[in-house]
Structures are given as C-alpha cells and as structure tokens.
Amino acid sequence: MATANQFDAIVVGSGMSGGWAAKELTEKGLKTLVLERGRNIRHVTDYTTALKDPWQLPHNNRPTNADRAAQPIQSTLYLYDQSTKQHFVNDLRHPYEQAQPFNWYRGYQVGGRSLMWARHVFRYSDLDFTANQREGVGIDWPIRYADIAPWYEHVERFIGASGENSGLPQLPEQILQPPFEMNALEKHIRSHMAEKFGGERKLICSATAVLSREHNGRGPCQGRNQCARGCPFSAYFSSNGVTLPAAAVTGNLTLQPDAVVHSLIYDEGKNRVTGVRVVDANTRDTTEYFAKVVFLCASTLNTTALLLNTRSARFPNGLGNDSDELGHNLMDHHNGGGATASYSGLSDRYYRGRRATSMYIPRFRNVGKREDKFMRGYGYEVYTSRGSWTRGIDSADFGADFKNEITRPGEWNLYMEGYGETLSYHDNRMWLSPEKVDSWDMPIIQLSMTYRDNEHAMAKQMMDDAVEMMQAAKLENVTGFNHPVTPGSVIHEMGTARMGRDPKTSVLNAYNQVHTVPNVFVTDGSCMVSSPPQNPSLTYMALTARAANHAVELLKRGEL
Amino acid sequence: MSNRRSFLRGASILMGHAAFGQVMTAFAAAPRKATYFSDSEMVTLRALVDVILPATDSPAASAADTHYFIDLAIPACASAAAQKVFREALKYLGRKNFANLAPAKQVELLKARAAADMELPYDQSFFKILKDYTLTGYFLSEVGATQALAYERVPGGFQGDLPLKADQKAWAI
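Residue numbers (this note's numbering), protein chains in the order written: chain X, 1 to 560; chain S, 1 to 173.
For reference, chain X alone in the conformation it holds in the complex (with noise of 0.2 Å):
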C-alpha cells in the first residue's frame, strides 16, 4: 500500500454534500481526499461563458441539434442553453435505463450540480420530520428539528443566504441577509393575499443562496441573474466558490477529479470499509485509496450504486444492505400544478437588474386542519415580470408598429408552480443493471418511478389553490394548469439509503451513519426518509456538516 494513498478520510464526490464534508472534515484535522468522478473546474477561472453576451454566444445562445444528440436528456432542461451546456453532462457517454420515464440531470464535475442549484434554501420543520409517524407512511426520521436546528445555523452563517422570514412555524426561521426588493406587481399581489387570506397564505422573497450584501469577501450579487454558468462575483453559493476553497487553506485536502469511484474496498474481519476503488476517468486505469472514515456525497443514485456495486459473503446484496432498502423508496418532488396570469395595471413601473431568485409562498395545506383529499403540502415559487421582445415571436404582426411595440415593456405576466411531496413508496426505486456497464466497468443504473393518488390529488389542489390566489389579487386571465410530470424533472431526487432507527427497514443511522458498517456515511439526498416539499440542498448540507463532525468525535474517541 503506497502512503501517498493513505488519507484519513476519503469524500466521494464534490458537489452540495461533499464540499461540507471536505470543510468540515478539513478543518477538524483530518487529511482528506475529495473524489470527483468529472473534470476540475476552477472557481471564476473556468466559467468560461460567465461574462459572455448573447451574441457572443453561438447561435444567439440557442442550442444546436448536435447539442441535443449528445444531451437528449440534459437539454430538455430550462436552464440548459450554449452558456450553461458544459456544466451537464453527455447523456450518450453516461446512460442509465429507464424502466418508467425519469429524467435524470447531472452535473460531472468538481462541484457538481451546486454550480447550477436553483439556489432556495429553506428549512424542515418538525410538521416534517414528525409526518411518517403520524400519518403511518414508510418509517419515522430518527432526528427532530432540535437535532438539525443548529447545523441549520452553522450552514447559513458560512455560505450566506438571502430573503425574508415567513413568522409560520413549518417554516422556521433562518439567518438571512435582507431580501432582494419586491417588484410592482410582487408587492400588489403580497397586499391583497394579506386581505384575503390573513397570515396563513403569504407571498415572500425566497431564502435562497444569493448574497444581497457583502459576505466573507464574497459578493453582493450583480443582478445577473445567470448564476449557472458560474459567478465571478461568488455571489451565490457553490463547492467551487465557498466550501472547497474553505477545506483548500487549511492544507489538509487532496482534491481528485476525473477520478470515478467503483466500489468500497470492505475488510469483513474488521468490519470496515478501509478504502476505495477508483477508476480513471479518462485512461480507465484503476488505483485503490485508503481511509479510516469514509463519506460519500455523489449525489443521491450514484452513492447507492456505488454501496450496491460492493458486495462481499457478508453483504451479498450491497454493502450495509441487510435492510433490503437500498435503492428502494426513491422519491422526488412534483411540480405539475399552477397557474399563469397577466396584469394591465402598474404600467408606469419597472425594474432594474434580474433578480437572481423568485418569490415563494409557503406551504398552507396540512398544516393546521387535515386535508381529506391528500396527505402533506406544497410550497409555490411565483416568477413575474414584465413581457418581452419573445412576446412578438408567436404573434402573426410584423412591421414598425411591431417593433415599437415589443421593444417597449408589455403587460405584467406571472408564472406560478407549486413543489409538492412526494410519499415515500418501496416500490419506487433504483438497481443496477445485472448484465450491462459502463465505460468505467460500474453497472448501469436502472430505475422506475412513478406519482401515485396521494401526488395527482396534490397536484390538482396545487392548480385549484394557485388560480384561488391570483384571482384573490385580482390579476387577470389567470389560468391554471396540471400537467404530467416525468420523475426526475424537479433534480431532488432522494432517498433510496434511508435512515431510520431500525437496521431492519433503514440502511443508515441518525447520524447518517451505516448502520452495519460504521465508518461510511451518506450524507446526499439518498439519505431522505420523506421529500418534504421545501428545497432540500440546505437539509443535505446541514445532515452533512452534522455527520462530519460526528465522525470526527467518534475518530477522536477511538470508535471508528
């Protein structure tokens, strides 16, 4: 065993998860080897679309059919565009099958999707994490609020958040920077909800990981509002931009990209996992690293391919899977239902700068009384503005009277969708192909994943409710919608290694531990025992800060 492979712990994957365990691992004293299975990319140095204008973009920023042959899946993507296409990846290179429709985004590279996150981050609440046992679904989550609350803190001091506090207890409250400003028709709308509705339905400026202020020598944000192509001004939250260059000044991090993660190397007689196989991303050659702990963060279908791709006489089925819950209970948010609307008043207003995040209205059903027609809730994003040039394109006019037209502000316009939970169901799952691999010799993913009654009974309140409020703030040709929604297409997909308190029905531990297998933790989105309907990134964030240094007490006291 070569020392230069020795560490004292390894982190599988760089994005949301894995930049907090290499930070807080780092810190603590610990050598630590990040594992990236996708290139390196530089903070600001390698955003190289960053500062780019649309005509210097190929095609006008449009994307060419080539793109879409070799994204099929990733462009179907709203942000997906010339700007932002190298941050996804080549669907033809990584395939996975589909045994229902899913779609699957990713992002293979340092800093993962966090380069491309939608930035919302908001707090559970124990109206979440108490649901599972009193509503008899799946299995209750092993922490409470109380557990989470001050690694919740810990998180939103270091990587800065903006927005404004809703006052409602399934919404606890954050430590945020002031809010980016309400626009005209954002603030009518907040009025008349306040009218109508009292305090239970309100409009909000989102939490979310974009700096308003100054913060840490980061930021404040510019107004850009093209936050995936990355930020030059660190101004919203990334691995690239805040945690790994946390975990790089204290000189304890080897950070590895293009390096793919096969399997955990598991010694039975000590029953530990003492390091892993990795293979390169690129000459394929493989080379073993070696680790008292082990976390792994490769987002939530990669990690549990990765413990089901180790298998041994002891865990024939993967590892820490006596359970048989690995890869089972996969869940992800819906998003069908909401509802579009126009306003022809406040003509005399505008705004200056695209706002690099939406409003949002928190969740109001199940939270007092119990609704009869479904279990949970949802929470709303609400983007407005005023229309654009694009408004002329669908229209039969042409001509000067055109042009002057469209090139002046339109009417307002709203958009509205609600995010709702997903029950957890043990058939909804994810599991290696037992036959086909990919060019890394890793099995193939394969995965079924469909929404249930709970969900479409969901779905249509989501629309009902969010024509109710427009029409409530007296906005006009408000339309609802409810459409189809292909699983995968809100990228929260989670669970499938959940935790719990029984090595029975769970595969980790409260604190994200394996059960069976003490030193490797999960700390992605697999980890999720439910899919509350809030943004879960800040939760990953927080479960991952928490098991870290959990880690680090345990190794201290000899117990790993």
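None of these hints come from the bench; they were simulated from the model.
Yeah, the Cβ is synthetic: ideal placement off N, Cα and C, and Gly gets one too.
Honestly, I wouldn't trust all of these hints.
Stretches of chain S that chain X covers, calculated by requiring three or more beta carbons in the stretch to come under 8 Å of a beta carbon on chain X [stated by the list, open to error]:
#1 74-81
#2 86-94
#3 118-124
#4 135-142
For this one, chain X is given, so just place chain S on it according to the hints.
Chain S only, in chain X's frame:
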C-alpha cells in the same frame, strides 16, 4: 448603463491601436459570404427580415446581419423538417421576386403567408420559423439588444420597483 459605457471605453482604446484598425477595415471590406443559403436565397431573406423588423428609431434587422445569423442558425438548430420548409419558402418567394417588390406588396404577400402559416404546426410553418429566428437573431445581437432594446451585461444589483421612464426600452434579457 455605466458598465456598457466602460465596455465601450475599453473598445475605443483597442480601436486606437493601428494594427487593430487595419484589421477592422479589412474585415469591413470583405463581403460576408453565406454558408448555407444561396446568394439569391440570401437576397430574399435579407428583404424578409427587414419587412419584419424595419428601421425605426433603431436599425433594421439586416443592419444587425440578422439574415447571416439565420444562415448559420437554421442548419445548426432547426429540425430537418423546418429546414426544408424554410428553404422551399425562400425559393418560392425568390421566384415571386420578393426582394424587389414595392414595400406595400411585400407586406401584403407576407400578411397572406402569415394568415395561412399561423394555423400550421411550427415545423411546417415558414412564417413561425422566420419570426422565431428573425427576432432571436436581431434582439440578441449587439445592435438589437443595445439599440432597439436595453441591455446591461452586469446590472450591478437589482432594483425591484422603479418608475417607468418615458423613453425606457424593454430589457433584452
């Protein structure tokens, strides 16, 4: 617009450089060549984009080379069906001598085409494809974004609720 101004200041320093000036002169002198459409198709296309977006208080679409944008973007970005429909329509309008018709005639002909094409699915609708690529080509060009519309590469922040000025153009993005 301070950022745009400082961007232009940067450009003028470059322009002062003798070699750069020569390059720009040479570039301006060389006639631009289409890559996909024939010369006669380009003549028709140039006339079409200017009927859709003529010169007003901002330049016409052809002044922003919108027809050259379309020449590159149609083969790269449009579906095979749309490419075929688009080219056939250009040929047809070429045979009608569209580029040399009186302006009123051009408008009349395009209106008739619009009325028929608005009923068709996008890939079969010459008018819809033309509108899409003309507007994208022009309004996201430097001329379109900065003269016909308002554009700030780095706005410097966000101000949510401002009075609309009388001469305020819509933001390009």
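Task: 8 Å C-beta criterion, at least three residues: is the segment 118-124 of chain S covered by chain X - done: n = 1 at 8 Å, threshold three: violated.
Task: Coverage of the segment 135-142 of chain S by chain X (three or more Cβ within 8 Å) - done: holds (count 7)
TODO: Please count how many residues of the segment 86-94 of chain S have a CB within 8 Å of a CB from chain X and say whether that reaches 3.
DONE: violated (count 0)
- [ ] Count the residues of the segment 74-81 of chain S whose CB lies closer than 8 Å to any CB of chain X, then report whether that count reaches three.
- [x] holds (count 4)
The structure shown violates the earlier hints numbered 2 and 3.
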